[in-house]
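**Q** Next come the chains, spelled out residue by residue.
6 protein chains.
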Amino acid sequence: MAKHPKKALSKHAKKARAGATADDDTTITALKLPPAPLSPDMAAYFAKCEEKLGFVPNVLKAYAFDMTKLSAFVAMYNDLMLAPSGLSKLEREMIAVAVSAHNRCYYCLVAHGAAVRQLSGDPPLGDLMVMNYRAARLPKRERAMLDFAVKLTAEQWLVEEEDRARLRAAGFSDRDIWDIAAVAGFFNMTNRVASATDMRPNSVYHQQSR
Amino acid sequence: MAKHPKKALSKHAKKARAGATADDDTTITALKLPPAPLSPDMAAYFAKCEEKLGFVPNVLKAYAFDMTKLSAFVAMYNDLMLAPSGLSKLEREMIAVAVSAHNRCYYCLVAHGAAVRQLSGDPPLGDLMVMNYRAARLPKRERAMLDFAVKLTAEQWLVEEEDRARLRAAGFSDRDIWDIAAVAGFFNMTNRVASATDMRPNSVYHQQSR
Amino acid sequence: MAKHPKKALSKHAKKARAGATADDDTTITALKLPPAPLSPDMAAYFAKCEEKLGFVPNVLKAYAFDMTKLSAFVAMYNDLMLAPSGLSKLEREMIAVAVSAHNRCYYCLVAHGAAVRQLSGDPPLGDLMVMNYRAARLPKRERAMLDFAVKLTAEQWLVEEEDRARLRAAGFSDRDIWDIAAVAGFFNMTNRVASATDMRPNSVYHQQSR
Amino acid sequence: MAKHPKKALSKHAKKARAGATADDDTTITALKLPPAPLSPDMAAYFAKCEEKLGFVPNVLKAYAFDMTKLSAFVAMYNDLMLAPSGLSKLEREMIAVAVSAHNRCYYCLVAHGAAVRQLSGDPPLGDLMVMNYRAARLPKRERAMLDFAVKLTAEQWLVEEEDRARLRAAGFSDRDIWDIAAVAGFFNMTNRVASATDMRPNSVYHQQSR
Amino acid sequence: MAKHPKKALSKHAKKARAGATADDDTTITALKLPPAPLSPDMAAYFAKCEEKLGFVPNVLKAYAFDMTKLSAFVAMYNDLMLAPSGLSKLEREMIAVAVSAHNRCYYCLVAHGAAVRQLSGDPPLGDLMVMNYRAARLPKRERAMLDFAVKLTAEQWLVEEEDRARLRAAGFSDRDIWDIAAVAGFFNMTNRVASATDMRPNSVYHQQSR
Amino acid sequence: MAKHPKKALSKHAKKARAGATADDDTTITALKLPPAPLSPDMAAYFAKCEEKLGFVPNVLKAYAFDMTKLSAFVAMYNDLMLAPSGLSKLEREMIAVAVSAHNRCYYCLVAHGAAVRQLSGDPPLGDLMVMNYRAARLPKRERAMLDFAVKLTAEQWLVEEEDRARLRAAGFSDRDIWDIAAVAGFFNMTNRVASATDMRPNSVYHQQSR
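Keeping their order, the protein sequence lines are chains C, D, F, W, S and R. Its first residue numbered 1, the first sequence is counted upward by one per residue in my numbering. Its first residue numbered 1, the second sequence is counted upward by one per residue in my numbering. Its first residue numbered 1, the third sequence is counted upward by one per residue in my numbering. Its first residue numbered 1, the fourth sequence is counted upward by one per residue in my numbering. Its first residue numbered 1, the fifth sequence is counted upward by one per residue in my numbering. Its first residue numbered 1, the sixth sequence is counted upward by one per residue in my numbering.
Okay, chain C solo, but in the shape it has when bound:
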């Protein structure tokens, strides 16, 4: 419904924007916090990221001004997102993106939207989580999980026993409920750290698993 000529972008506009909107992988946050020397553990972890992902996610570089903070972040992240759980890794990433969409967090939507595309093998699912998870045609279990996570994000003061009851009715155990809450909570934290510091995602995420 649109004939978008390649030349529509005026040279003026292009120049004004050049190198500006694109994530350039050099300036990671708006704060000047020089990196500390990596501890042996964290050096090994960064090397593993390079090996497995091909890059170190910018959030890790952002925390690398202080090894205690970086280690605490990595420990909590890896436990929540990668350790055994009644929630699949994809489900945990879906929560991450639905929460980040409510909070309109650019960094987390780019990075975890890519994770949903990759883990699901279903690229439009990533877009749906970013744009409006309610428009996705999800199994009841996943819908209940995301409804809880987003209500907890938007209006946590209204969450009560009947919300937990709905999760149990959808097949979640008490441990699963903890995990849904903990993942939703975690992204309510990282979303805010990212927005507060204008954290920019690695540019490679944009094209991943499209």
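These are computed hints drawn from the structure, not numbers from a lab. Please read all numbers here as calculations on a predicted model, not as lab measurements. Treat each hint with caution, since some may be false.
Derived BS3-like pairs: lysine-lysine, alpha-carbon spacing no greater than 25 Å straight-line [what the hints assert, rightly or not]:
1. W:LYS32 <-> S:LYS89
2. S:LYS32 <-> W:LYS140
3. D:LYS151 <-> W:LYS32
4. C:LYS32 <-> R:LYS140
5. F:LYS151 <-> S:LYS151
6. R:LYS151 <-> D:LYS140
7. F:LYS151 <-> C:LYS140
8. R:LYS32 <-> C:LYS140
9. C:LYS32 <-> R:LYS151
10. S:LYS151 <-> W:LYS32
11. S:LYS32 <-> C:LYS151
12. F:LYS151 <-> C:LYS151
Using the hints provided, position chains D, F, W, S and R relative to the given structure of chain C.
**A** Just chains D, F, W, S and R now, with coordinates in the frame of chain C:
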């Protein structure tokens, strides 16, 4: 920051979701409205879409149950988005996406997010418009334009002379202000028609210009 | 419960406000957009307005700086509000006012509030639509229609299949649902064009059908 | 822009609505609270209303199930709205309507919208207060007054010294600030009593001072 | 989970804040309104406060610049909070605090939070009303009462017959419904007068009934 | 202004509520997650809590079903709240309470409200943070810090460079900005875990440092 094994998606989950979240290009809306015979004008327009885009955008098929409605929609759309204006085509598409992001309209974000990527030649710009336009590092002119469009979308009752004054200070003429308002208004209309009918975008948009 | 003496308005206040709050039928919007010559079609349409209504609605004069825009607006308006539909003309005007009340759009509330008074022969119904449609004692059909239109206006991202199901349960066909969405969408557009440009209603509306 | 034929209202719809939306001056609230015998003071006050206004406002009849409550309400209302103050009676009524518009209180909008029309001799001013006071072209003093009253209504937790400073800059004394707050507060009370009980205005208000 | 050393507060910070955050019982509001001579009735009432409470509540001193306003306030307050009613005094105070918590009114939360602690003999109940009444494990009757009062405070335009029906189902009479509405309405008034004037509570409330 | 007789609480109401609203120090969350054996590190940490505080905070018991989660939480908490920082411990606790007040989190308001009272030696300051931090008369530095933390909590998508600039103008370094964001983010996480699981605070907090 994550080792996403390809097998993370359980077979169970995959089955439950198969053919569900993906846009399948057959069911366009949740309403059963059989298409009317295309008028000669509209037949020609659909043919032109096929020729130039390779497909007919689903929104046109959704309106095709009634030729008067389809023609009126096409006339207004083409005037607003493609006719000469002080706003570039890219700027008009940026308004479309920023408005649709506020309204969390899946159809319009997919279709017009693709247009921003294509017209700008800057795929991350499309993601920024979808996720949070305030995180984009935009020229002042474009930022003022989007601030006006989104305020008009979110809290139109607060728009006053000082909002128009800000646009004038950013270099917009009175005619440009009309066009910003008209494009923002138009997507506040189509966003709602799309959400009300659960309109699904052509699946081809997802990969366009990535 | 109040003795309002005629002289309560101080001369000072009266002077400061004179010719200011009242709609004066000369300045139609805050934008300087000189009218274009009317096309023959539009000249005929304006003449018909004068004949039937006694005046040309200001929204038409506001669009008259560009014949393409004016024609597109008129075509869409007349199809939506006046063409055959499962919704009565009054029902369509009730949607117009309930949507405009959510958006607090002065122009549309004045003009379409008058239409509700006229079409219903029930002046308080016009006030109820302007003030709070939930306080009106409406037939279930009309209440369901307005609930859908206002939810679509206020929180379109929450509209789902169960909202359409409620309309079907109230007797609306799929075509009717389209029309409710299209009318609600249309006023979400025109409300914004009116607020963005500070459009002022013809003063004659205020007294109509009281 | 609209040919509203008198016969647009289907007989069916008319029947369903007959005697329903119109205020009928018999059922005043949704609560069954039989009137108590009027005390001599209150009997005299009701008689004065009949004499001066031609009717007893329904809010007084609603409180008349208990003479202590009725007397307390009348004492506070008459002091706030009619006693000497740095605010004119019209200004106090404008606050009443702008507050009631935020709260979408049908009773108070009908009754006090009529008072604004009457006291100002400017019927569109009444409509502006009901629909969106920001669209009125008010003297700075009145605009500052209404901005304070509506912020206090909508987000009282944000009111701080700089808000009071804005009132002082617009010429209001500390006593005037008290009166603005007290009138805005009072209508935040009565709006809620009216909505909680579905209080209906006397039908005569609708046509007053049009 | 925290070792809070007594010396954590830097001298600098302490000095900057000294005599500032603490309520000092001398400056009652931000408005300079010199007290009027107490009328005999009000002098007797103040003396009774001193005798029974040990102090005169600051809200009374705030109103004491005008005997008519003070008397009207006292008459309405005493009728609503202390006169016979189907609601216990504790229930009325619980409404006061839940409403004031929504409105985040410092004065009313301090003064009426103390009243809930005292009347209930259950100090955590006072904190629950201040912090989030939904976290309290209340009898159904009290929960229904507070849900109604808070909905009426937050979104009064949505209150309808089904809300009243829920109160009736919880055992409330029509007179009780009036009283719930009137108490909730009253604190929506006083909350706003207190916030508008930066009213400060008597410091003695903080320690009462802990 | 209030005669609160000790007997106002009816026996019926007292019984219905007995042992219900009070925090009873046995049921910590609504989830059944049996505690795991404490690791040596965590056993030592719990012992230190007992020694220094006289009790183990319930949040630690809530996490104790899994030693990895408990350790990660403790590591992050202790770094954020107790390690050296440009923010005093009191300032970090003030952020904790202001964020928790926005989110209306009962657990965190009780536990960290007590910490503010203790660290400041100014009990009303604790109440102000819980009720409305804007009503506190704070040094500019602390006000800027809380404004940033609460905006980040309420509308993180609006946080931009000018918000960071305001912190810098108030004397905060880039490292301080990180710490403000990290503490605000952390409580946005724990608030949600607490609300999602109905976590109850140790009853001892209520009386601490009053």
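**Q** Indicate, hint by hint, whether the structure satisfies it.
**A** Against the structure, the hints come out as follows:
Of the pairs offered as hints, the one joining LYS32 (chain W) and LYS89 (chain S) holds, with about 23 Å between alpha carbons and a cut-off of 25 Å not exceeded. Distance restraint check for LYS32 (chain S) and LYS140 (chain W): the Cα-Cα separation of roughly 24 Å lies within the 25 Å cut-off, and the hinted pair is therefore satisfied. Between the alpha carbons of LYS151 (chain D) and LYS32 (chain W) the distance comes to roughly 45 Å, so the proposed pair goes past 25 Å and is violated. Distance check on the hinted pair: LYS32 (chain C) and LYS140 (chain R) sit about 24 Å apart at the alpha-carbon level, within 25 Å; holds.
A threshold of 25 Å between alpha carbons decides the hint, and for LYS151 (chain F) with LYS151 (chain S) the separation of about 18 Å falls inside it, so the pair holds. At most 25 Å may separate the alpha-carbon atoms for a hinted pair to count; LYS151 (chain R) and LYS140 (chain D) meet this at roughly 24 Å. Annotation: proposed proximity of LYS151 (chain F) to LYS140 (chain C) holds, straight-line Cα distance about 24 Å (limit 25 Å). The suggested pairing of LYS32 (chain R) with LYS140 (chain C) holds, with an alpha-carbon distance near 24 Å, which does not exceed 25 Å.
About 22 Å separates the Cα atoms of LYS32 (chain C) and LYS151 (chain R), which keeps this hinted pair within 25 Å; it holds. Pair hint LYS151 (chain S) plus LYS32 (chain W) holds up; C-alpha atoms about 22 Å apart against a cutoff of 25 Å. Under the criterion of a C-alpha separation no larger than 25 Å, the hint pairing LYS32 (chain S) with LYS151 (chain C) is inconsistent with the structure, at around 45 Å. Between LYS151 (chain F) and LYS151 (chain C) the alpha-carbon distance is near 18 Å, which keeps this suggested pair within the 25 Å criterion.
When the structure is compared with the earlier hints, violations turn up for hints 3 and 11 and for no others.
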